[in-house]
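S.K.: So the chains spell out like this:
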Amino acid sequence: MKLDVSFNKRRLIKDKLFLWFVIVFSVIIALPLVIIIGTVLIKGIKQINLDFFIQTTPTTLEAMMANSIGERVPGGIANGIVGMFLTVIMASLVAIPVGIFCGVYISENRNKRFAGIIRFLSDLLQGTPSIVIGIIAYLWIVIPMGTFSAIAGAVALAIMMLPLIIRSTEETLNLLPVSLKEAALSLGTSYSAMIFKVWLPSAFPGIFTGILLAISRVMGETAPLMLTILGSSYIQWDITKPNTSVSLLIWEFYNDPNLQSMIWSASLFLLAAVLILNITAKTIAKKRSPIF
Amino acid sequence: MIRDNSLKILTEEFIALTDIMSEQFVLVGKHLEQSITPEELKKVRENEKNIDFMENKIRETVINDIVRLTPRAIDLRRMVSTLNIIVDIERMGDILNSICKRLPIIIESKSVWKKYQPKLISLFGMVSKMFDNIVYALHTENNYIARNIIATDDSIDESYHEIHQMLFQKDVKAAEMPAYLNLSRILYFMERIGDSCTNIAEDLLYLTEGINARHTDIDS
Amino acid sequence: MKTIQEPVLKLKNLSISYSPNEYAVRDVSADITRNTITAIMGPSGCGKSTLLRAINNMHALHEGIKMTGDIILNGRNILQMNPIDVRTQAGMVFQRPNPFPTMSIYDNVIAGYLLKGIKLKRAERDRIVEENLRNVGLWDEVSDVLHKKGTFLSGGQQQRLCIARTLALKPNLLLMDEPTSALDPIATLRIEELLVQLKEQVTIIIVTHNMSQASRISDYSMFMYLGELVEYEETSIMFTNPKDKRTEDYLIGKVG
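Chains as they are written, first to last, in my numbering: chain U, 1 to 292; chain Y, 1 to 220; chain H, 1 to 256.
Worth double-checking, as some hints may not be accurate.
Straight-line alpha carbon distances no greater than 30 Å define the calculated DSS-like cross-link-like pairs of lysine-lysine that follow [said to hold, decoys possible]:
1. H:K199 with U:K181
2. H:K10 with H:K243
3. Y:K115 with Y:K42
4. U:K286 with H:K148
5. U:K181 with H:K243
6. H:K254 with U:K181
7. U:K286 with H:K254
8. H:K254 with Y:K8
9. H:K170 with U:K282
10. U:K287 with H:K254
Below, a sample of chain U positions facing chain H; criterion: calculated Cβ distance under 7 Å [unchecked claim]:
11. G38
12. S179
13. L180
So these bits of chain Y aren't anywhere near chain H, every CB distance computed over 12 Å [to be verified]:
14. T70
15. A73
16. K114
If you're looking for bench data, these hints aren't it; they were derived computationally from the structure.
For every residue, glycine included, the Cβ atom is placed at its ideal position computed from N, Cα and C.
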């Protein structure tokens, strides 16, 4: 009896120790994230006001003058927001349908060699460095068009979004129960009607999440945009002309000693956008998952 | 395994019942030949009680098996035919007991006894043989023997009627009346034993061939 | 005056193989009588599900499955028919209830029409939904929540919804693949009672591994073993006096 008691005590101590280890390591991992968010928040919130969203970037001169008298740097990142909006929307318009179709094809033809090849290429694409993709887009779009443009930027971003959407579509579809297909088909539904009216709608939560994550990923890309949209100080709605994006602006702020304070606010904006998208994706996934 | 065990138990109980019955037949045969001892007479009554007991036990076993095993096909037919067969066996047991009770009354009338003892022994021998055959057929589930037994029922009936006719005499003494009445009864009982054996044979045909042979022409 | 009706389904020398020389169903021939319940029984792997799914040509979706012989549904050979027509005349209900999770209960019932793009007037739709939900005994339970998704329903209710969905297309043959295997005993009994009632409207073929269910509700039973149709007989006769030893062994628990 005495032996039992001490043995159980040792086990309890072991359990507690392990629990503390897990807590400590979790905190250590969470720390960088907290530090980043905290730093950006503290340093960037000062610059945020309404102007931040509707005015274009200030010139170096304007900034220098404001800094010298200790005022807040005027202007905002409206041009970056519009540029980001345009490129991401255009990229999505291409990547979403193509990605979903590919995902459907791979999922429906799992055993075919061609599907395997596509999957392999998709994985390859995912691992390709973003700057290489930028160079490709430069070659394919910028040079033939003779100009930098939002279109070129959208193409680069679309290429980056594709593997993510293909993957999430395929994996969501693979998880769907075959009984759903059987139910639709046994009612005399044609194969294509089954795919579009039953199969894909049932996979909507997973696919939508995948799309949101792909968008949040490319929102912050800088390298490919440098080679495709070049940059712009004004709000540019013409997609055949050079444009800018928030991430690109951050790089420009970094290079200009007078615009240092803008770095933090722009970063805060980007971080907030990415965070919101991610949280939205997660909540949708959680809300809809009981179906399965 | 569960099914085999249940089958084994049912078979054992059934064999126990038919063993007691076989002994009863031997004892009654001895009584007819007036070679039965007082202990053996007691055994007859004891056996009768056991027969009744076994009938109830087997009935309970069968009902439990039906509840537990959801019997189908041959198992189902076995349950149904067993229930029917033990009714006829119990009836035969009752008859054998009654025969034993009534024989002394006939034996008292010496002239009647002298005249009819051989006939009784002969008829009893026939139905006794019928019982032995049906027991054998039951234990081996042999439907060929069952059909033969059904065929011999007619000869039993003929013998019974032949002897029974002899009872109708004009000059019966008043003192011999009880003897004649009981004699008539016992002859009737023996014919009933033959009938019961035939019923059991028909139940055996249901078990083995799945046909309902009761009141129908089995060769059609 | 009604003449003697043709069997609703005729199987003639039907053989189905998944790969050369590996037959899941061997040379099965049988006629299914109208307005009866026929149970297909047999140990696992005997080919009963394969046989059932051939009747509404579900195998057309998988390459590599070869069928020889004929399946005559309402007088026409199904292999020469459009699979969509086949599946409208022969509806199927599966082992796991599978109502469409993205559709409301209302839409589930008329899903057969929605998915085919058939436009119905509102009154017609309402009529079909109510009629079929009443038919399966669900109307009273769901009439006030028709526009909710069906996932909160119990297993038995979901399965009845699936039956209503199938019946809405007015098939005259109902194919059921172990429809109560995933349900509790009470839900199972309710569906069995439903099937006995539905017999008057449709002919039912039910694959079941539950012998008691077969004996409770079916008029005819088929016993299959290793792809072969061993015995096809009235249920009351097969269960008391089967002709083939393999059938008997299965019924008394010696096989499978």
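S.K.: The structure should be examined with respect to each hint, and the outcome stated for every one.
M.R.: Each hint, compared with the structure:
Distance hint between K199 of chain H and K181 of chain U is fulfilled; the C-alpha atoms sit about 27 Å from each other, no more than 30 Å. Under the criterion of a C-alpha separation no larger than 30 Å, the hint pairing K10 of chain H with K243 of chain H is consistent with the structure, at around 22 Å. For the suggested pair K115 of chain Y and K42 of chain Y, the alpha carbons sit about 27 Å apart, so the restraint of at most 30 Å is met. Under the criterion of a C-alpha separation no larger than 30 Å, the hint pairing K286 of chain U with K148 of chain H is consistent with the structure, at around 19 Å.
Taking the CA atoms of K181 of chain U and K243 of chain H, the gap is about 40 Å. The hint is violated against a cut of 30 Å. Restraint check for K254 of chain H and K181 of chain U: not satisfied, since their Cα atoms lie roughly 37 Å apart, outside the 30 Å limit. Only pairs whose Cα atoms come within 30 Å are accepted, and K286 of chain U paired with K254 of chain H is rejected, the gap being roughly 49 Å. At most 30 Å may separate the alpha-carbon atoms for a hinted pair to count; K254 of chain H and K8 of chain Y meet this at roughly 16 Å.
A threshold of 30 Å between alpha carbons decides the hint, and for K170 of chain H with K282 of chain U the separation of about 42 Å lies outside it, so the pair is violated. Among the hinted pairs, K287 of chain U with K254 of chain H is inconsistent with the structure: their alpha-carbon atoms are about 50 Å apart, more than 30 Å. This hint is violated: G38 of chain U has a C-beta 42 Å from the nearest C-beta of chain H, more than the 7 Å allowed. Hint on S179 of chain U holds. Least Cβ distance to chain H is approximately 4 Å, under the 7 Å limit.
Look at L180 of chain U: its Cβ gets to within about 6 Å of chain H, closer than 7 Å, so that hint holds up. For T70 of chain Y, the non-interface assignment is contradicted: its Cβ lies about 6 Å from the closest Cβ of chain H, within the 12 Å cut-off. Look at A73 of chain Y: its CB is around 4 Å from the nearest CB on chain H, not clear of 12 Å, so calling it non-interface is violated. Interface exclusion of K114 of chain Y from chain H stands, the closest Cβ pair being 53 Å apart, more than 12 Å.
Of the numbered hints listed earlier, those contradicted by the structure are 5, 6, 7, 9, 10, 11, 14, 15.
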